Amino acid sequence: MTFDILTSSPADDGVPTLTLANTVDAQSADLAGVQRITLDFPKFTDGRAFSQAFVLRRRGFAGDIRAVGDVLIDQLLQMQRSGFSSAVLRANQDAEHGRKLLRHYASFYQGDAAHRAPHFAVKA
Amino acid sequence: MYQYTDFDRQFVHARAAQYRDQLTRNLNGQLADDDFRPLRLQNGWYVQRYAPMLRVAVPYGELNSAQLRVLARIAREYDTPTPELLKQAQATQDGIGAAPGPRLTTNVGHFTTRQNVQFNWIPLDKSADVMDLLASVNLHGIQTSGNCIRNITSDERAGIAADEDVDPRPYAEVLRQWSTLHPEFAYLPRKFKIAITGAREDRAAIEWHDVGLRVLRNEQNEVGFKVYVGGGMGRTPIVASVIREFLPWNQILNYLEAVVRVYNAWGRRDNIYKARIKILVKAEGQRYFDEVEAEYQRILADGAHHTIPQSELNRVSACFVAPNTEARIFKAVVEDDVEFGRWVKQNVAAHKNPELRAVSLSFKRLGYAPGDATADQLDAAADLADKYSAGEVRVTHDQNLLLPWVNCGQLPELWRDARKLGLARPNLHLLTDMISCPGGDFCALANARSIPIATAITERFQDLDELFDLGKIDLHISGCINSCGHHHSGHIGILGVDKDGQEWYQITLGGSDGSDLSGPSRASKVVGPSFAAAEVVDVIEAVLDLYKDTRLGGEHFIDTLQRVGFDAFKVVANAARHSTAKAETV
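As given, the protein sequences belong to chains A and B, one line each in that order. Heads up: the first sequence begins at 1 in our numbering, then just goes up one per residue. Heads up: the second sequence begins at 1 in our numbering, then just goes up one per residue.
To be clear, the hints were calculated from the coordinates, so they are not data collected in a lab. Since the model is a prediction, treat every value here as computed from it, not as a measurement. Quick reminder that beta carbons are idealized off the backbone N, C-alpha and C, glycines included. Wrong hints could be hidden among the right ones.
To be verified - With the C-beta cut set under 10 Å, the calculated list includes, among others, these residues of chain B facing chain A:
1. Ala17
2. Gln18
3. Asp21
4. Arg25
5. Leu31
6. Ala32
7. Gly97
8. Trp178
9. Asp302
Unchecked claim - Here are the simulated DSS-like cross-link-like pairs (lysine-lysine), alpha carbons at most 25 Å apart as the crow flies:
10. Lys352(B) x Lys387(B)
11. Lys274(B) x Lys43(A)
12. Lys345(B) x Lys548(B)
13. Lys525(B) x Lys282(B)
14. Lys87(B) x Lys193(B)
15. Lys43(A) x Lys193(B)
16. Lys43(A) x Lys191(B)
17. Lys226(B) x Lys191(B)
18. Lys525(B) x Lys345(B)
One chain only, chain B, in its complex shape (with noise of 0.2 Å):
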């Protein structure tokens, strides 16, 4: 992992500083509340459905278990209402719709689909206290919301995984310290994500974000970016451009001085949902290229002043170097025991390294909604990650925990330790790990629930011979049309709508995020008018019935899906209504 400099702790101790200084003219009335929002945004801090919400930065997913028992403290300590405003926010949740009012939960950790892991309940007169305590272990909220840069994410698998060309990590750390606290780019018309990866493979989905950039080697084996620009999902899912096929890595944050720099002059202000840069890209095309090159050789001829020096990479790189680890023989008791068996087949993965494995924490288990883990749950997962993983973990897109440096001759006994905690189900990449944002029982932006649909769906597919023969499926839900739970990149979709107060769901069908598995980076397809909420796990059903009659061989629902037609899993996703069949459908 990156190891802080002094000038680096010094930094994220000023950035705490700063913030507990406006929220003191905020809670004082010198700072109005529309002046102070973009502030404690840019800090992370969000004003949800009931309470504040905060989500903490993870720069490309990596934490030390140091920090994971601070984001455990945090969770018990500081992320619990007052018993009045869990009452009330309890009986207004059960007032919504006809689906049961899941039981609120609190002092929870939440993983995010961009590595950062969220809080619901901390009160705003603790958040600098919080910001403070994250301090003490290099953490912040630093630009994970606002119009600005966000925090950049990459493959869960960077510097580990098998498929890798060129170690993205190094780069992804130099990028999170240009942007960080950019004068410039702190206004942008809308907000900016930056995914890296270094693999064949994209597990980042790239070609979903503002900038995509792929680290690769070329002919005469020199590194450097494959330049993506303009991806994003939202109401009008756009697949990102290449707009450069291969940039010196030097060059990189000179380059991207001048995209955003452009993007900050031309993107449109007038309109929200017009304004990101994927919506310019797509106007401008080749008139925004041709300025961002104008733009990048004027930035060269003044001196090119970020031009990344070899010996700042070298520095950066040295702090990513594998930790040493034990050689032990794998012995492979895979067979005599189906159920590890099943979990070494389904949540460990392969590494550079053939001594070591990387082994994925499920977060996605029957009365937890997905990606969220307890105190209790995050303290454990440090000891994990100090026992088995040189004390490192990564949060993942997925919305689960990676341990990247497990050696193979203890997986029996991580298997063992991981299942009495209750996070060794052998469900990754399978129809249960699926990717959910929190919807409606938290965020102010959703149109419906996502929770209570995931665990409606987790709850009818528990059997774990149904869940392996259906195979690998991404199923993305997304309370609105936001897009945070990526519905848009599920090979099935499932997007909250809001009709006349009530909860509606569109079922969507056929994206991909860029994967080996889900092939080119394309939005899916709406099969109908929403669905009642009761209605989207017997529509989920009709579909993978239709998969299971259709399918040839060992094929995936996503090629069934391809090779059979979208028309034919529309018409049976439509014949699964029932309260919505008759009736005048929205």
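Same shape as in the complex, but just chain A (with noise of 0.2 Å):
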């Protein structure tokens, strides 16, 4: 799955979306005709949204999920691997470097997201 960084809101482009709170339980929110849902990370190290995206994706949530708030370049790994598709940057971000920093692992021990095998299934 592709992974859109953005550098600043974007205009509503008619996708429908739902915007999740964190204490939604993601379980259990309906998500009929919804193709987009945005995830808040209220501070960077409010970690909640991944597990919400992760469960979305376990549910087979197809469209996009989008972290918006406190994102920064660092965090933009996790979010890729919890289920995220797109990302909004907070302001002065080097939306450049945090691609580069995307593609700094080869891969990883636990399965996530992206990649639901962890490493000791995948290997000969």
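Given two chains presented individually in distinct reference frames, assemble the corresponding complex, making use of the accompanying hints.
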């Protein structure tokens, strides 16, 4: 899945969007007709949205999951791995460097939303 | 020990490179301090009272001699403040309280209760170089701080204990790998600590952890985990609850994923003191347990991706084979030499293999803070590991080093070598083998200094006959309520508190870390208002005098305390006041 890094809040593109608060149970949220879900990071150290994104992907949601709020380039990799497909950066972030950081690791130990199988299940 | 694969090695190097990029951007002004802080913390870099502190991860306490030598090199070459910084820091410390300011130590590695190693003076601009040096021997600081799954601790005698049902180390290693850079669990409400044991006696204080794991065999001889959740110290000491009596071993990652996911969603983020999982478990009780079970069932229904294959357990387990040792007959010179006999009795423990012993090197001695090792001592310990213990040591929860593979026939020679190094003090589990945090000499969180109190107690109780007579006593000192020195679980606990800028000390009695000696895990009770620093040793002595006066036969301190009752000890503790005696106490 591609991961779009946006540097400013994009204009409304008409995509049916659901904004899910961090306190909402992602397991039971009604997703009928929804093509984009935005999840908020009130502070970049508040990690609830990572679990929400993972659960939404596990439910089979195939649309865009977008990170908004206190979004820094150093957390993009964790967002991508947890199931986000786009992120709107906080001001003053270096998007180009952020793209580079997404490619820093070749692979990881545990499975995630993007690669479900852990390292021990995929290696020869 | 676990043998790093190319994948594991590349991963550690990639992490060091990632950190260097983050540090470079911070030093260039591209990454603000507030945004950098959680990143450096998750690599073990704190900024303390006078300088950064590095906490190096030692997974379940195991180190090889090459790693020890790199730690020695870091102590020698990097753990050095500038003369100006040291002078300023010493002057500030000398101005605190009535207790004399001890000389601040440098070029020292410090063993922690969570089996890690800390350094106190490495300049931040050298930190990336140190990470590269660590990576050269597969060491790092990954997740030794921050609100994430921390380094996993275990029984210091894992894999060698005579009372062990299942060697926990392969499971600890699988857990380490699973928790390393877990993308979903890097920003939990608060830190998350896991401890694991496979022995009948709990030497890892598992019920004092966010998750405690006991790996065991059921009646059908199947291996699985008894899972505890919600233990912890701090302001609200809580002993963990059992959430699963028996979980098949291969499901542990799937199950912990559920435990942590529900905590991530439900844990409090509005108050740092209420953010640990213990508060959630206490508040929600069965509702939390039910949600973990429901989430676990969803993980299973989704394909149970983290079910551990037998082949993976076999691969990891193959790394933990016992080294070859030459069988020799242990000649009992113990009776001929009182000093050697004492050391064998106190510092040498039984082993699964009757020809081997587990030997503790005591880092509790006069002139050093508990758990401190100089660069030369770290090198010397590496030499002892190579000569006597298949190149391996363990950092222990009690802040000593343990040599896990010592042949009985080499004990006399090891004793002589260790004695020359000053590491053969036969005081393991005795009063002076105390746990102590670095306290106000180094830590920015501390309310009071721990090391001068530890020093005063060590100085007062130097006589070995007296120490042996007092027997096994857990004395734990914390410099603040964060409880890194585990005062809650000490038979005698000391807690530093700050009142009007002065150092005061609460004394607590009757705690347990869950060991056989101490009984079921429980928090100690406060004897009364805080004491002045100068009173602390007298209070300890008064408490121990009552023990000596009232003990029956060979009764241990903790047993006498339980039998005679807390109140009698409380009375003598408070009667030992001198400076706070008549004045209004705090």
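These are the hints, each one checked on the structure:
no., hint, verdict
1, Ala17, "7 Å, holds"
2, Gln18, "6 Å, holds"
3, Asp21, "8 Å, holds"
4, Arg25, "8 Å, holds"
5, Leu31, "8 Å, holds"
6, Ala32, "9 Å, holds"
7, Gly97, "35 Å, violated"
8, Trp178, "5 Å, holds"
9, Asp302, "6 Å, holds"
10, Lys352(B) x Lys387(B), "21 Å, holds"
11, Lys274(B) x Lys43(A), "18 Å, holds"
12, Lys345(B) x Lys548(B), "22 Å, holds"
13, Lys525(B) x Lys282(B), "20 Å, holds"
14, Lys87(B) x Lys193(B), "37 Å, violated"
15, Lys43(A) x Lys193(B), "23 Å, holds"
16, Lys43(A) x Lys191(B), "17 Å, holds"
17, Lys226(B) x Lys191(B), "22 Å, holds"
18, Lys525(B) x Lys345(B), "31 Å, violated"
Of the numbered hints listed earlier, those contradicted by the structure are 7, 14, 18.
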